[in-house]
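Based on the provided sequences and hints, a complete structural model is requested.
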Amino acid sequence: MLARVAPMSRSPASLPCRGMRRADPLILSSQPRVLQLFKPASRLALLTNHRQELTLKGRLPSHVRESLRFVSTTITPSSKKASENDKVSPYSPPTTGLLSYLPSSVVPYAELIRLDKPVGTYYLFLPCLFSTLLAAPLASPIAPPVTVVSTAAIFFFGALIMRGAGCTINDLWDRNLDKNVARTRLRPLARGALTPKQAVPYLGLQMFSGLALLLQLPAACFWYAVPSLPLVAAYPLAKRVTNYPQFVLGLTFSWGAMVGFPALGIDLLSNNPAFISAACLYSSCVAWTVVYDMIYAYQDIRDDAKAGIKSIALAQEANAKMFLSAVGTLQVGLLAAAGVAVGAGPAYFVGAVGGAASTLGYMIWKVNLSDVVDCWAWFRKGAWFTGGAISTGLAAEYMVRYLSEENEQEKSHP
Numbered sequence: 004m005l006a007r008v009a010p011m012s013r014s015p016a017s018l019p020c021r022g023m024r025r026a027d028p029l030i031l032s033s034q035p036r037v038l039q040l041f042k043p044a045s046r047l048a049l050l051t052n053h054r055q056e057l058t059l060k061g062r063l064p065s066h067v068r069e070s071l072r073f074v075s076t077t078i079t080p081s082s083k084k085a086s087e088n089d090k091v092s093p094y095s096p097p098t099t100g101l102l103s104y105l106p107s108s109v110v111p112y113a114e115l116i117r118l119d120k121p122v123g124t125y126y127l128f129l130p131c132l133f134s135t136l137l138a139a140p141l142a143s144p145i146a147p148p149v150t151v152v153s154t155a156a157i158f159f160f161g162a163l164i165m166r167g168a169g170c171t172i173n174d175l176w177d178r179n180l181d182k183n184v185a186r187t188r189l190r191p192l193a194r195g196a197l198t199p200k201q202a203v204p205y206l207g208l209q210m211f212s213g214l215a216l217l218l219q220l221p222a223a224c225f226w227y228a229v230p231s232l233p234l235v236a237a238y239p240l241a242k243r244v245t246n247y248p249q250f251v252l253g254l255t256f257s258w259g260a261m262v263g264f265p266a267l268g269i270d271l272l273s274n275n276p277a278f279i280s281a282a283c284l285y286s287s288c289v290a291w292t293v294v295y296d297m298i299y300a301y302q303d304i305r306d307d308a309k310a311g312i313k314s315i316a317l318a319q320e321a322n323a324k325m326f327l328s329a330v331g332t333l334q335v336g337l338l339a340a341a342g343v344a345v346g347a348g349p350a351y352f353v354g355a356v357g358g359a360a361s362t363l364g365y366m367i368w369k370v371n372l373s374d375v376v377d378c379w380a381w382f383r384k385g386a387w388f389t390g391g392a393i394s395t396g397l398a399a400e401y402m403v404r405y406l407s408e409e410n411e412q413e414k415s416h417p
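First residue of the sequence shown: 4, per our numbering; consecutive thereafter.
Derived by calculation from the structure, the hints in this document are not laboratory data.
The reader is advised that the hints may include incorrect statements.
Claimed, not checked - Derived Cβ-Cβ restraints for the label pairs, each shown as a range:
(1) Glu408 - Gly195: 57 to 63 angstroms
(2) Gly391 - Asn179: 36 to 42 angstroms
(3) Ala236 - Gly100: 25 to 31 angstroms
(4) Ala329 - Val376: 21 to 27 angstroms
(5) Glu408 - Ser328: 23 to 29 angstroms
(6) Val244 - Thr395: 47 to 53 angstroms
(7) Val229 - Asn274: 16 to 22 angstroms
(8) Ser95 - Phe225: 42 to 48 angstroms
(9) Val353 - Glu411: 20 to 26 angstroms
(10) Val353 - Pro144: 22 to 28 angstroms
(11) Glu409 - Ala236: 23 to 29 angstroms
(12) Ala236 - Val403: 28 to 34 angstroms
(13) Gly207 - Gly100: 25 to 31 angstroms
What the hints assert, rightly or not - Derived pair list, reagent style SDA-like, types lysine to any residue, alpha-carbon separation capped at 20 angstroms:
(14) Lys200 - Leu220
(15) Lys384 - Ile367
(16) Lys120 - Pro147
(17) Lys313 - Gly195
(18) Lys324 - Lys309
(19) Lys309 - Ala193
(20) Lys309 - Arg178
(21) Lys369 - Met325
(22) Lys313 - Lys120
(23) Lys309 - Asn183
(24) Lys120 - Tyr205
(25) Lys309 - Trp176
None of the values given here were measured: they were computed from a predicted structure.
For every residue, glycine included, the Cβ atom is placed at its ideal position computed from N, Cα and C.
Shown next as structure tokens:
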């Protein structure tokens, strides 16, 4: 409770807060809180913990509330970095979604591989799906739907595992940098929920699981897939040495655009049209990665600048939309070239190429790069809009050619 007492001395030392009227000293029901008002400045930090409670009661004069507000804004952490980190809420265990059903001891491992954020898995899987659908009509005989679906399923689970491995490698490299970025400071390694000694064996388990899945594909796939591993390790380092780490990420995430061909028995080294098509598809996916990850990077652009993390978003901040448009145009052109190389039909060019052009253009036009929430939303939508359009066009092209071949076989063998 608050109460008034007899007027105090005019001596400044007797006043609890500068600017308070002589007849308005503050008395709280708890004596220690009153004494805290007369303690040195270090004690005043305790007063800020009660500011909201007191002001909400509406029983303090306006000049007292203003004084308390001044205390709360002037007594700050000793370093600017600490002050910025205080703006981020402390870690709290998940209470909704998939992670909320897991034992608390398992949650940090699930967070490490971003199990609750599957969009990264989709982006890693889609180039594999693209190459599988593009290669299927080129197989001799044409790959049946069951083979295409089973191959795609192996790629999906492989993407789930290897995306988690990539996140683990990234967080091991970046655990000290992540502490300085608001969005990443609560990742398991950054906040200390896991140690490198725990993460490294976990990474080994993921790599072994990925290898086990890879061995379910034809043997040639092993030699096509293994060269991507150095790129997985190189991406976190690229953020320290180049303004275009998204290009390195594109080289890594797009590798599956070449593996779908040997998965269906097509040797790229002896099939020139298939090799050109795979190279164009891979390059197109690299450009696509630059587009969507540049939008993603805008979530952290200010923290990255302060932490010294290099990013294409920082390098191209002045002309971001123009740069995104140029790279998006390159992606669509390379995607068209991939179809030309293998003689794709209208379904491919209308569905895959046209769909990619329209969805990319709409995304680049609509995204608000200064809005963190909007950047995350369009990053997520890109997998479904652009990735879905390309997949639909490729699937339509495959089905047209598969059914056409089936009809020809029926005519030749009545």
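Checking one constraint from the list: CA of Lys309 to CA of Asn183, max 20 angstroms. Satisfied? With Cα atoms ~8 angstroms apart, Lys309 and Asn183 stay inside 20 angstroms; holds.
Within 20 angstroms, alpha carbon to alpha carbon, are Lys120 and Pro147? 33 angstroms, violated
Starting from the hint 25 to 31 angstroms, judge whether the C-beta atoms of Ala236 and Gly100 obey it. This hint holds: roughly 30 angstroms between Cβ atoms.
For the pair supplied as a hint, Lys369 and Met325, is the alpha-carbon distance within the 20 angstroms limit? Roughly 13 angstroms separates the two Cα atoms, so the pair holds.
Does the Cβ distance between Gly207 and Gly100 fall inside 25 to 31 angstroms? 27 angstroms, holds
Next pair to validate is Lys324 with Lys309; report whether the Cα-Cα distance is within 20 angstroms. Since the Cα atoms of Lys324 and Lys309 sit roughly 23 angstroms apart, the hinted pair is violated (cutoff 20 angstroms).
Does Lys120 pair with Tyr205 here, judged by a C-alpha cut-off of 20 angstroms? 19 angstroms, holds
Could one say that the CB atoms of Glu409 and Ala236 fall in the range 23 to 29 angstroms? Between Glu409 and Ala236, where Cβ atoms are some 45 angstroms apart, the hint is violated.
Assess, step by step, whether the Cα of Lys313 is no farther than 20 angstroms from the Cα of Gly195, and give holds or violated. Given pair Lys313, Gly195 is violated - Cα atoms ~24 angstroms apart, limit 20 angstroms.
Per the hint of 16 to 22 angstroms, is the separation of the Cβ atoms of Val229 and Asn274 within bounds? 21 angstroms, holds
Between the beta carbons of Ser95 and Phe225, is the distance compatible with 42 to 48 angstroms? 43 angstroms, holds
Between Glu408 and Ser328, is the Cβ distance one that fits in 23 to 29 angstroms? 39 angstroms, violated
When held up to the earlier numbered hints, the structure conflicts with 5, 6, 11, 12, 14, 16, 17, 18, 22 and fits the remainder.
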